[in-house]
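Trainee: Protein chains in written order, with our numbering: chain S, 256 to 474; chain G, 256 to 474.
A portion of the hints provided could be inaccurate.
When chains are identical, the list treats them as one kind, so a pair holds in a single copy or across two.
[To be verified] Taking lysine-lysine and the DSS-like style, the derived pairs with C-alpha atoms no more than 30 angstroms apart in a straight line are:
{"no.": "1", "residue 1": "Lys267", "residue 2": "Lys318"}
{"no.": "2", "residue 1": "Lys419", "residue 2": "Lys439"}
{"no.": "3", "residue 1": "Lys439", "residue 2": "Lys381"}
{"no.": "4", "residue 1": "Lys375", "residue 2": "Lys461"}
{"no.": "5", "residue 1": "Lys467", "residue 2": "Lys381"}
{"no.": "6", "residue 1": "Lys419", "residue 2": "Lys298"}
{"no.": "7", "residue 1": "Lys272", "residue 2": "Lys381"}
{"no.": "8", "residue 1": "Lys461", "residue 2": "Lys318"}
{"no.": "9", "residue 1": "Lys381", "residue 2": "Lys273"}
{"no.": "10", "residue 1": "Lys257", "residue 2": "Lys370"}
{"no.": "11", "residue 1": "Lys467", "residue 2": "Lys419"}
{"no.": "12", "residue 1": "Lys467", "residue 2": "Lys439"}
In short, the hints are calculated from the structure, not lab data.
Every value quoted in this text rests on a predicted model; they were computed, and no experiment measured them.
Protein chains: 2
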Amino acid sequence: MKLILATRNQHKIEEIKKILSEPDEEKLARSGDQASTNIATQKLEILTLRDFPDVPEVEETGKTMQENAILKAVAVYNATGIPALADDSGLEVDALKGAPGVVSARFAGQGCTYKDNNVKLLGLLKGIPEEKRGAAFRCVVALALNQNDVRIVEGKVRGVITDKEIGGNGFGYDPVFYHPESGKTFAELTQEEKNRVSHRGIAFRKAKELIKRLMTNNG
Amino acid sequence: MKLILATRNQHKIEEIKKILSEPDEEKLARSGDQASTNIATQKLEILTLRDFPDVPEVEETGKTMQENAILKAVAVYNATGIPALADDSGLEVDALKGAPGVVSARFAGQGCTYKDNNVKLLGLLKGIPEEKRGAAFRCVVALALNQNDVRIVEGKVRGVITDKEIGGNGFGYDPVFYHPESGKTFAELTQEEKNRVSHRGIAFRKAKELIKRLMTNNG
């Protein structure tokens, strides 16, 4: 089964491809044999919008992450005829009543850098004590399976916004998102560590389970 | 099962409620007993946005009818928590390369009347001979079943654009849409006759079948 990721963002592509190609934990635990277990994902051939340079970028006109994820998945399915997975992710900061949320990528303005967004966020939270700096990373994934069927799954992880950028891995808000269970910011985790706990990891593992279920029993 | 129609348009509400409450033809033919057959629809309680005055109208920002139908169904499900059915319908005129299509309702401008749209359309087709006045009514219906599942069905009917408005029934482009098999414009048909052949009738009967299937076998 071919599957297309509705993004050209190289950071996302790498992260998502790693998540989708993880061995199936449950089967792994049962058989102890990694090489022979990864059946479902061996059947998945993962393409991205980078393989379709003529398909235009989809505008994120939705009012919610869910709407944006659906719009992107549907548009890319319609343009390519290939089942499409799209995510829309964002950071929801308690003290900012859920902002930046659906505008996380362009919080500091159209065309801004990750750094611009982090500077703006840290500025807005200046002087706010740690116990009031709670936040959640949220990721909504839409799977446009065919022209009649769109499924949606979601992943969420809680953390605390730091008072300065820490760590050089990851991207986006990772350097300012402290994850208490890991004792580190997302930008201090390796990609593998981050994928285990991140919103995107949770959401795309759910998507993978869903795809496997749909491939096997048409449900 | 409650179901909400994501519209406040009284014409659409009447049409759709009639379609959804039709007896099941197949069972009807088998048992010959209308009263006892309409099981699936008896279980459906049909609400509309008129029952939820506080839920705002959803903006039709999509680039396609499919996108608009999905956006409306998802927004209304999110606002009400009730499985939501939304349609987006339009007239696609061959000689106008598929226009007015997704902008059918506002072809002559925001806030225009059905009459304004028909006058504009007839003006654009002035002098074009009958054999080049082919058109299709298309209806896309999205069912937001829950926050994880959106299904889409479609209905289409071919016709010919007349050179003047004919008939007083129906609404929208019905008076200028001649349906060859009926030998009449849609505005000359009774609602029952129109529902049997119309894009909206086809699409909502498919939606009804889908709902019945989802209610019985969780597929």
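Trainee: Which hint numbers doesn't this structure obey?
Mentor: 4, 5, 6, 7, 9, 10, 11 and 12
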